[in-house]
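S.K.: Produce the entire structure from the sequences given, and follow the hints as far as they go.
These protein sequences, in sequence, are chains A and B. Here the first sequence stands for residues 12 to 300, where the numbers follow the numbering used here. Here the second sequence stands for residues 12 to 300, where the numbers follow the numbering used here.
Wrong hints could be hidden among the right ones.
Copies of the same chain are indistinguishable here, so a pair counts whether it falls within one copy or spans any two.
Claimed, not checked - Within a straight-line C-alpha distance of at most 16 Å, the following computed EDC-like cross-link-like pairs (lysine to aspartate or glutamate) qualify:
#  : residue 1 : residue 2
1  : Lys-205   : Glu-195
2  : Lys-67    : Glu-161
3  : Lys-231   : Asp-264
4  : Lys-231   : Asp-258
5  : Lys-205   : Asp-217
6  : Lys-293   : Glu-101
7  : Lys-235   : Asp-260
8  : Lys-67    : Asp-232
9  : Lys-205   : Asp-169
10 : Lys-93    : Asp-127
Treat the hints as calculated values from the structure; they're not laboratory data. Just so you know, these numbers come straight off a predicted model, no measurement behind them.
2 protein chains.
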Amino acid sequence: MLNIMSNANIIDGRKTRDALLPELTEKIKTLLKPPTLAIIQVGNRDDSNSFIKAKKSFAAKIGVLERHIQLLESVSTAELVKVVQECNAEQNIQGIIVQLPLPIGIDRDSVIDAIDPRKDADGLTAKNVKAWLEGRGDATMPATARGIKELLAFNGIDLFGKKVTIIGRSMLVGKPIAMMCLNENATVTVCHSKSENLANETKSADIIISAAGKSRLIGKDHVKAGQIVIDVGISRDVEGKLTGDVDFDVVKDVVAAISPVPGGVGPMTVLGLFQNLVDLYKPTTVFSW
Amino acid sequence: MLNIMSNANIIDGRKTRDALLPELTEKIKTLLKPPTLAIIQVGNRDDSNSFIKAKKSFAAKIGVLERHIQLLESVSTAELVKVVQECNAEQNIQGIIVQLPLPIGIDRDSVIDAIDPRKDADGLTAKNVKAWLEGRGDATMPATARGIKELLAFNGIDLFGKKVTIIGRSMLVGKPIAMMCLNENATVTVCHSKSENLANETKSADIIISAAGKSRLIGKDHVKAGQIVIDVGISRDVEGKLTGDVDFDVVKDVVAAISPVPGGVGPMTVLGLFQNLVDLYKPTTVFSW
Numbered sequence: 012m013l014n015i016m017s018n019a020n021i022i023d024g025r026k027t028r029d030a031l032l033p034e035l036t037e038k039i040k041t042l043l044k045p046p047t048l049a050i051i052q053v054g055n056r057d058d059s060n061s062f063i064k065a066k067k068s069f070a071a072k073i074g075v076l077e078r079h080i081q082l083l084e085s086v087s088t089a090e091l092v093k094v095v096q097e098c099n100a101e102q103n104i105q106g107i108i109v110q111l112p113l114p115i116g117i118d119r120d121s122v123i124d125a126i127d128p129r130k131d132a133d134g135l136t137a138k139n140v141k142a143w144l145e146g147r148g149d150a151t152m153p154a155t156a157r158g159i160k161e162l163l164a165f166n167g168i169d170l171f172g173k174k175v176t177i178i179g180r181s182m183l184v185g186k187p188i189a190m191m192c193l194n195e196n197a198t199v200t201v202c203h204s205k206s207e208n209l210a211n212e213t214k215s216a217d218i219i220i221s222a223a224g225k226s227r228l229i230g231k232d233h234v235k236a237g238q239i240v241i242d243v244g245i246s247r248d249v250e251g252k253l254t255g256d257v258d259f260d261v262v263k264d265v266v267a268a269i270s271p272v273p274g275g276v277g278p279m280t281v282l283g284l285f286q287n288l289v290d291l292y293k294p295t296t297v298f299s300w
Numbered sequence: 012m013l014n015i016m017s018n019a020n021i022i023d024g025r026k027t028r029d030a031l032l033p034e035l036t037e038k039i040k041t042l043l044k045p046p047t048l049a050i051i052q053v054g055n056r057d058d059s060n061s062f063i064k065a066k067k068s069f070a071a072k073i074g075v076l077e078r079h080i081q082l083l084e085s086v087s088t089a090e091l092v093k094v095v096q097e098c099n100a101e102q103n104i105q106g107i108i109v110q111l112p113l114p115i116g117i118d119r120d121s122v123i124d125a126i127d128p129r130k131d132a133d134g135l136t137a138k139n140v141k142a143w144l145e146g147r148g149d150a151t152m153p154a155t156a157r158g159i160k161e162l163l164a165f166n167g168i169d170l171f172g173k174k175v176t177i178i179g180r181s182m183l184v185g186k187p188i189a190m191m192c193l194n195e196n197a198t199v200t201v202c203h204s205k206s207e208n209l210a211n212e213t214k215s216a217d218i219i220i221s222a223a224g225k226s227r228l229i230g231k232d233h234v235k236a237g238q239i240v241i242d243v244g245i246s247r248d249v250e251g252k253l254t255g256d257v258d259f260d261v262v263k264d265v266v267a268a269i270s271p272v273p274g275g276v277g278p279m280t281v282l283g284l285f286q287n288l289v290d291l292y293k294p295t296t297v298f299s300w
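M.R.: Okay, structure coming up:
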C-alpha cells in the first residue's frame with residue numbers, strides 16, 4: 012500500500028514535500044512572472060512569527076515572492092480591511108493570507124471575507140468555503156486539508172470507500188479535512204471533545220486523522236493493526252517537548268503507518284499553501300502587467 | 012425519552028408541526044406587518060408545483076404573505092438574477108427562495124448568491140453556508156436541517172454526545188444535517204453510495220438519519236433495538252407508492268422510534284422554512300415602511 016516515501020511505517024511529510032517540490036518549482040518557472048504571496052500579520056505572536064518564517068523560507072526556496080505586511084496589535088478592523096483591499100487591487104499579488112489568530116476585538120469574518128476569492132490562498136472566504144463544501148474542483152481548500160490529501164495520495168493511500176475517523180471539528184482544520192475526505196468518497200466520522208467512546212470510533216476506522224491539538228490523546232487503546240494514522244495536532248507536553256495528538260512511540264508499533272510530529276502534516280501544510288497560490292495564478296491576469 | 016407527540020413509536024412530523032404552530036403564529040402577530048416570502052420558480056415541474064403549493068397553503072394558515080414569481084423555462088441566468096435583485100430591493104419582502112432544481116443551463120450559484128443573505132430563507136448563499144458550517148447562532152440553516160433539529164428537540168431526543176449516522180451528502184440535505192448534528196455536539200458519521208458496510212455504520216449509531224432518496228434502502232438488517240430513525244428520503248417505489256429511504260413496516264418493529272414518510276420530515280421542512288422567514292424579519296426594517 013505504501014510507496015518508497017515511507018521509511019518503515021513512517022509517513023514522512025518532509026520527504027513527501029521534497030518529492031513534490033520539483034513539479035511545483037517547474038510550474039512556477041513556466042509562469043510569466045514569479046507569483047507573490049501577501050502575508051498580513053497583526054501583532055507579533057511567537058507562534059505566528061515562526062509559521063511566517065517557515066512560509067517565507069519555503070517561498071524563497073521555490074521562487075515565489077512574498078510581501079510581509081505586519082501591523083500593530085492596535086489596528087482596527089476597518090484599517091485591516093483596507094490593507095486587504097489594497098492587496099486585492101495590487102496586480103502583482105496573486106495570493107493573500109491573513110495570519111491567524113487575529114487579536115480579540117478584530118472582526119475576523121469581515122477581514123477574511125474582504126479577501127478577493129480569486130486571491131484567497133487559505134480557502135477561507137465564504138465563496139471558497141461553499142465551493143469546498145460542495146466539493147467543486149476549482150475550490151481553494153484550506154492548506155492543511157490540501158496537504159493531507161497530497162500526503163495520502165503520494166504515499167499510495169486511497170480514500171475511496173475507506174472509513175476515516177477525524178478528531179476535531181474546527182473551521183481551519185477538522186471541518187475542511189472532513190469535507191475533503193467526503194469529497195474523495197470516504198465514509199467520514201467526526202469526533203470531538205463531546206464524543207463518547209472515542210476509542211470505538213478510532214478503532215473501527217481504516218484511517219485516523221487527529222486534529223484535536225491535545226498532546227498524546229490517541230494511545231495504544233485507540234488503534235489496531237493495519238490502520239493509517241495521520242497526526243495533525245501540534246502542542247507541547249508538560250516537559251515542553253513538541254508532540255502531536257498521537258502517542259507516537261507506542262502507536263507506531265501497532266498500526267500500519269503513521270505520520271510523525273514534527274515532520275508529518277506540518278511541511279505538507281506549507282506545501283499546500285503554495286500549491287494553492289500557484290493554482291490561483293490565472294493566465295487572465297498576465298495581460299494587465 | 013419520547014414525549015406525547017410520539018404515538019407508539021412513531022415520530023409524527025405533522026403533529027409536531029401542529030404543536031409548534033401556535034408559538035410561530037403568535038410571533039407573527041407581534042410583527043408590525045405580516046412577513047412576505049418571495050417564491051421564485053422557473054418552469055412548471057410537477058414536483059416543484061406541489062412543493063410550492065404546500066408552502067403557499069402553510070403561509071396562508073400562519074398569516075404569512077407570499078409572492079409567487081413564475082418564470083418561463085427559457086429565462087436566462089442574467090434575467091433570473093435581476094428578478095432576485097428586485098426582490099432584494101423590495102422592502103415588503105423579508106425572505107426569498109428560489110425553487111430548486113433550476114433548468115440545466117442556468118448558473119445556479121450565480122442565482123443563489125444573488126440573494127441578499129439577510130433575505131436568504133433557505134440558507135444557501137455562501138455567507139450563510141459559511142455561517143452554518145461554523146455553527147453560528149445567527150446562521151440561517153437549510154429548512155430540512157432546521158426541521159429535523161426541531162423534530163428531534165420537540166420529541167425529547169437529545170443529540171449531545173450521541174452517535175448519529177447520516178446517509179447522503181448533498182448540499183441541500185445531507186451536509187447541512189451533518190453540520191447541524193455536529194454543532195449540537197453529536198458524533199457524526201456521513202455515509203453515501205460509495206460507503207462500504209453501510210449496515211455496520213447504521214447499526215452502531217444511536218440515531219440514523221437517512222437522506223439518500225433511495226426507496227427502502229434501510230431494512231431490518233441495518234437497524235437494532237433502541238435506535239431512533241429519521242427518514243428524509245422521498246421517492247416512489249416500482250408500484251408508484253410514495254416511500255422513504257426506510258422500509259418502514261419492518262424497521263418500525265425493531266427500533267425505538269421512527270419518523271414516517273409521508274408525515275415525518277416533510278411537514279417539519281415546511282415549518283423550518285417559515286421559522287427561518289420569521290427569524291429573518293429584523294426590526295430594523297420596520298422603520299422604512
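S.K.: All hints are to be evaluated individually against the structure, with a verdict given for each.
M.R.: Structure-based check of all given hints:
no.	hint	result
1	Lys-205 to Glu-195	between (26 Å within a copy, 10 Å between copies)
2	Lys-67 to Glu-161	neither (21 Å within a copy, 49 Å between copies)
3	Lys-231 to Asp-264	within (9 Å within a copy, 40 Å between copies)
4	Lys-231 to Asp-258	within (8 Å within a copy, 40 Å between copies)
5	Lys-205 to Asp-217	between (22 Å within a copy, 15 Å between copies)
6	Lys-293 to Glu-101	within (14 Å within a copy, 38 Å between copies)
7	Lys-235 to Asp-260	within (14 Å within a copy, 39 Å between copies)
8	Lys-67 to Asp-232	neither (40 Å within a copy, 55 Å between copies)
9	Lys-205 to Asp-169	between (29 Å within a copy, 13 Å between copies)
10	Lys-93 to Asp-127	within (12 Å within a copy, 23 Å between copies)
In the structure shown, a violation is registered for the earlier hints numbered 2 and 8, in ascending order.
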